[in-house]
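Undergrad: Single-letter residue listing:
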Amino acid sequence: MAKLDVTPCSALQGLAIPGRYGAANGGPGVLLSERADLAFAAVMVRKGAGEALTRRVRAVFGLDLPTTSRRAARGSLAFVWAGPGHWLAVTEGGDGSSFEKLLRHDLSNLASISDQSDGWAVVRIGGVRARDALAKGVPVDLNPRVFTAGDAAITTVGHIGVHLWQLDEAPTYEFAVLRSYTAAFWRWLIDSAAEFGAAVKGPS
Amino acid sequence: MSALQPFRLPSGGLIDRSRMLRFRFDGDEATGFAGDTLASALLAKGTRIVGRSFKYHRPRGILSAGSEEPNALVELRSDARREPNTKATTIELYEGLEARSQNRWPSLKFDVLAINSLLSPIFVAGFYYKTFMWPSSCWEKLYEPIIRRAAGLGRAAGASDPDRYEHAYAFCDVLVIGAGPAGLAAALVAACSGARVIICDEDFCFGGRLLAERRDMGGTPGHVWTRRVVDELTSLPDVRVMPRTTVFGVYDGGTYGALERVADHLPAPLPYQPRQRLWKIVAKRAVLATGAIERPIVFGGNDRPGIMLASAIRSYINRFAVVPGGRIAIFTNTDDGWHTAFDLAKVGIKVPAIIDSRPAVSPQLAAQASRATRILTGSQVVATKGRNALRAVTVRTPHGTKEIEVDSLGVSGGWDPAVHLCCHRGGRPVWNDAIAAFVPGSLSKGLMVAGAANGMLTLAACLFEGVRVGAEATQAAGFTAKSIDLPKAEDEASAATPLWHVTRSKGKVTRSKGKAFVDFQNDVTADDVALAEREGFRSVEHLKRYTTLGMATDQGKTANVNGLAIVAASTGRSVAETGTTIFRPPYTPVAIGALAGPHRGEGFRPARLTPSHAWAEEQNAVFVETGLWLRAQYFPRTGDRDWLEIVNREVRSVRSAVGFCDVSTLGKIDVQGPDAALFLDRLYINNWSTLAVGKARYGAMLREDGFVMDDGTTSRLSDDRFFMTTTTANAAKVFQHMEFCHQVLWPELDVQFVSVTDQWAQYSVAGPRARDVLAGIVDARFDISNEAFPYLAAAELAALGGIPARVFRISFSGELAYEIAVPARFGDALARTLMEVGARFGIAPYGTETLGVMRIEKGHVAGNEIDGRTTARDLGLAKLMSTRKDYIGRIMSNRSALLDPDRPTLTGFKPADKSARLRAGAHFVPVDGPASADNDQGVMTSVAFSPTLGHWIGLGLLTSGPERIGGRVRAVDPVRNNDVEVEICAPCFVDPQGERLRG
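Those protein sequence lines, which keep their order, are chains A and B.
By my numbering, the letter at position 150 of the first sequence is numbered 150, and the numbering carries on one by one without gaps.
By my numbering, the letter at position 955 of the second sequence is numbered 955, and the numbering carries on one by one without gaps.
Since the hints were made in silico from the structure, they are not lab data.
Possibly wrong hints are sitting among the right ones.
[Claimed, not checked] FRET-style restraints, in silico, Cβ to Cβ:
no.: 1; chain 1: A; residue 1: S98; chain 2: B; residue 2: K885; range: 47 to 53 Å
no.: 2; chain 1: B; residue 1: R155; chain 2: A; residue 2: G83; range: 47 to 53 Å
no.: 3; chain 1: B; residue 1: V430; chain 2: A; residue 2: T172; range: 50 to 56 Å
no.: 4; chain 1: B; residue 1: R641; chain 2: A; residue 2: D5; range: 34 to 40 Å
no.: 5; chain 1: B; residue 1: P790; chain 2: A; residue 2: S98; range: 38 to 44 Å
no.: 6; chain 1: A; residue 1: D5; chain 2: B; residue 2: L270; range: 33 to 39 Å
Glycine included, C-beta positions come from ideal geometry on N, C-alpha and C.
Put together the whole structure using the sequences plus the hints.
TA: So, in structure tokens, the structure goes:
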């Protein structure tokens with residue numbers, strides 16, 4: 001059999017084309033880039049295994065599973081709360097299938113694991129006007145008095161479900177959107193950021 | 001005064017005389033200054049008539065200087081940006097502004113329909129109800145079109161709006177609505193105390209009445225103090241200052257709707273700027289500081305152009321440096337009205353008379369009036385004269401009737417607090433005798449009122465209350481309120497005695513002549529109100545709807561209280577006893593475009609794209625919306641005559657060689673846990689515990705009421721893991737149902753599930769050569785031979801050179817078929833590879849049309865049949881219904897009506913004349929009976945032209961269908977005038993033994 005040319009296609013390929021968008025005067029108010037290097041897995045606690053899972057995660061990964069809408073990170077691994085007894089595990093690099101296997105091994109019998117690496121598209125959003133651009137669709141208070149690094153939220157943006165978290169006080173956010181909605185989400189994002197000027201970087 | 005702006009004062013005002021702006025009204029060129037409204041610029045030019053009224057087409061001028069304006073409604077801008085019913089008093093002047101008067105033909109000064117005014121005896125309250133009752137057949141064709149042409153104000157653009165509208169969210173501790181003295185004071189307290197503050201005002205300048213009055217605040221004019229406060233607010237962190245922003249509605253949970261007119265003051269929005277932005281503001285506390293609206297007095301001829309609210313005259317003089325005329329009398333029942341006379345005198349305008357209905361006023365007040373002004377107390381204006389504008393007023397004094405020549409009249413009937421927003425969540429205003437007006441009653445949680453909106457009608461009281469309420473709101477939002485310095489302001493004279501309606505007295509001479517308008521915008525007169533009352537419409541809610549009082553776009557801001565008072569007087573009750581109607585959102589009209597925001601055109605709702613979308617576009621696919629998804633419907637090639645030819649080719653290609661179709665849109669759910677099989681047993685009508693690992697099975701699930709909810713194929717990947725699929729349409733509904741069942745019905749089950757719809761790109765590869773194609777896709781070490789991988793096998797394996805994949809041997813088409821899933825990022829590559837590998841087997845992509853044709857040929861049910869009204873038995877799925885376990889819908893599916901053997905049941909149909917076309921939606925009737933509802937025996941649910949058989953085929957639900965196979969009925973479609981005799985057959989037209997799919 002001839003060697004097949006199998007090129008993976010990231011969710012924002014053909015959309016997040018590097019360059020300057022919207023208002024061109026002054027520095028870009030909003031910085032956008034795709035996180036194409038993340039692997040995701042849904043971690044869903046087995047019945048009655050909550051405490052044991054928390055202990056296991058602490059022992060194996062050295063972090064505390066959040067029980068509110070927060071993101072707990074250590075090194076390149078993070079757990080983002082996704083509902084009662086439900087987390088989105090995120091890691092940099094690595095493929096989804098191995099990540100699922102790793103978690104299945106480490107959390108055996110305490111949680112069900114499901115690879116979500118291709119289900120979510122992630123956009124990193126930063127810049128001095130990021131909050132102003134996001135206010136045009138995110139019905140969550142992102143003011144630093146209320147929402148800080150480590151906070152997460154599950155909400156909708158113009159009928160599109162999003163799972164978002166804040167990485168630092170710059171501020172930098174990451175928005176996870178179901179892959180099929182990426183084009184619609186991107187369109188909203190670019191439109192909303194246009195008046196502040198947006199700079200799109202290549203994927204990481 | 002220049003020739004262009006003869007009514008502009010030589011100095012003063014808060015306008016920028018260095019920036020002259022040109023504009024056109026009804027085609028005439030004119031000029032104004034930056035800081036003008038269209039109304040002030042028109043007044044500066046000397047324009048008296050600005051529009052024609054709604055019903056009687058009477059000439060109307062400018063009544064007010066704010067958003068309460070009922071008369072001066074114009075069409076703003078042109079072409080696609082044309083915006084009808086825009087208030088001249090709130091339009092900020094810009095260079096090149098174009099506006100036109102409305103409701104006039106052929107011209108503003110001469111209007112043909114003004115004859116309605118002569119016919120006014122028939123245009124009374126309830127006119128439509130009385131006149132157009134009979135014959136009812138005339139309503140649609142005759143009455144309604146005529147009424148629609150004659151009534152209504154302005155014309156919609158009739159073209160797509162070229163501008164963008166945005167939605168936005170904001171959050172704060174204290175929201176201040178209105179930036180007059182009370183609002184500014186409240187905002188300052190909250191902001192200085194560290195709260196997050198948003199302060200909005202509908203005006204483009206903050207200050208409220210401070211801009212319109214000559215008031216001293218601790219040694220500086222009010223507008224200077226305003227600017228200082230705004231500067232301070234702007235300098236504080238987390239304070240958002242929002243001019244041109246109307247808070248139009250109060251909603252649950254401390255939510256407020258606001259409309260920001262971002263670019264309405266520009267000829268067109270700047271690049272990337274929306275025209276308007278609709279804000280949803282969530283506030284811990286809100287301070288309502290919306291001020292008060294002056295009330296006109298109801299007297300004969302009170303709508304003549306030149307008659308204006310006295311407070312509006314002060315606005316025009318002091319803020320815009322414009323006087324509305326040269327001889328201006330004042331008709332008042334308040335001390336406040338006198339201030340207009342004083343301000344007019346200060347700019348050198350003659351005030352021939354102050355007509356005060358009160359028998360006496362305080363000597364201090366009277367002493368301030370100019371000697372040239374006659375003071376007529378105990379007097380009333382009873383009539384007005386003038387063709388197109390005011391020329392004289394007739395005044396009834398205690399000493400007889402006088403006529404006074406004037407070109408304008410300032411009217412002051414007292415102030416109505418702007419309580420509107422207090423009503424939006426059900427609060428009812430209460431009557432306050434001290435100020436003879438309604439003030440806010442019970443308030444919704446989190447809302448507080450300050451200043452004139454709460455009946456505090458003096459500047460000193462507004463400032464004091466602003467600070468007090470601002471501090472209260474700040475504390476309630478969790479902050480310690482700090483004290484702030486406020487300038488001193490003296491309490492001005494504000495006494496008033498209400499005069500609701502200058503009535504006709506019994507004497508011959510002293511009558512109020514001419515129509516006395518209560519509601520200017522809807523042309524409701526005092527006589528209409530009285531007539532409605534005589535006809536029994538005593539409840540204010542009935543009166544409102546019968547007379548349309550307060551039902552125009554201004555919601556009766558200047559009309560309601562006068563109307564209520566007139567009803568009260570004629571029924572011998574007090575206003576308090578009469579009650580009040582309430583106000584609903586929006587406070588002022590909101591454009592539909594703003595409500596829609598970005599959700600129009602392509603953005604109406606998000607489109608979900610499959611992993612092969614870009615590839616399908618390259619293949620010239622035509623897409624169809626299925627729910628939110630865009631799916632390839634078919635793939636045209638050069639030379640194709642029509643879609644049927646394309647679909648026939650795609651079907652033949654699958655049935656004779658091989659084809660593939662993106663089925664990624666199917667709902668995919670990863671179900672895991674020790675109780676996963678048990679969970680599925682309870683969800684589906686058939687059994688899952690018995691399914692072996694590595695096997696797929698078709699399943700159907702019912703709703704609680706026993707009707708079929710959804711179907712699909714689910715595979716067992718391991719003991720405790722299933723891969724479930726749902727139909728595209730019901731994916732979300734099924735997932736929600738599963739959550740409900742797990743969280744509420746069976747929390748004891750140890751089962752976990754998550755959607756993986758977006759995780760996997762999935763393709764159906766179907767046709768006699770499907771295995772040959774798949775062999776080139778799946779990594780060579782996996783055996784997919786018929787023996788190793790038979791029909792209904794399922795496996796996790798690798799494809800495309802080491803990429804994790806899942807293969808299911810299932811078939812919707814009836815052919816040898818597989819579904820292969822790979823992680824979505826490889827979906828595009830898989831589509832391209834299928835084309836490449838399949839080329840030598842004659843592969844072709846197919847779309848949803850072909851999918852549909854083949855499933856009808858095979859007799860599989862889909863959304864047309866699973867329409868929420870069919871049972872498993874109706875669909876021929878009775879065999880699946882397990883009798884050895886319980887499942888959702890089992891009990892209810894055994895209701896006697898659902899067991900009736902005569903229920904329409906899934907059956908196949910072929911036309912007796914093979915050239916005849918079948919129609920979905922056709923009803924079945926006996927061959928020799930009439931096509932009547934009594935004879936209805938069911939309905940054709942799905943039809944397709946079968947290229948395999950060479951004629952149309954159909955699936956349908958026919959009474960006792962399976963027992964009637966071989967017989968005939970007629971399929972009648974009265975909508976498309978189709979009546980076809982059809983043969984009843986089994987609902988499977990291709991390979992009924994299933995040899996192909998097992999081959």
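Undergrad: All hints are to be evaluated individually against the structure, with a verdict given for each.
TA: Taking the hints in turn, this is what the structure says about them:
no. : hint                          : in the structure
1   : A:S98 <-> B:K885: 47 to 53 Å  : 38 Å, violated
2   : B:R155 <-> A:G83: 47 to 53 Å  : 52 Å, holds
3   : B:V430 <-> A:T172: 50 to 56 Å : 52 Å, holds
4   : B:R641 <-> A:D5: 34 to 40 Å   : 35 Å, holds
5   : B:P790 <-> A:S98: 38 to 44 Å  : 31 Å, violated
6   : A:D5 <-> B:L270: 33 to 39 Å   : 47 Å, violated
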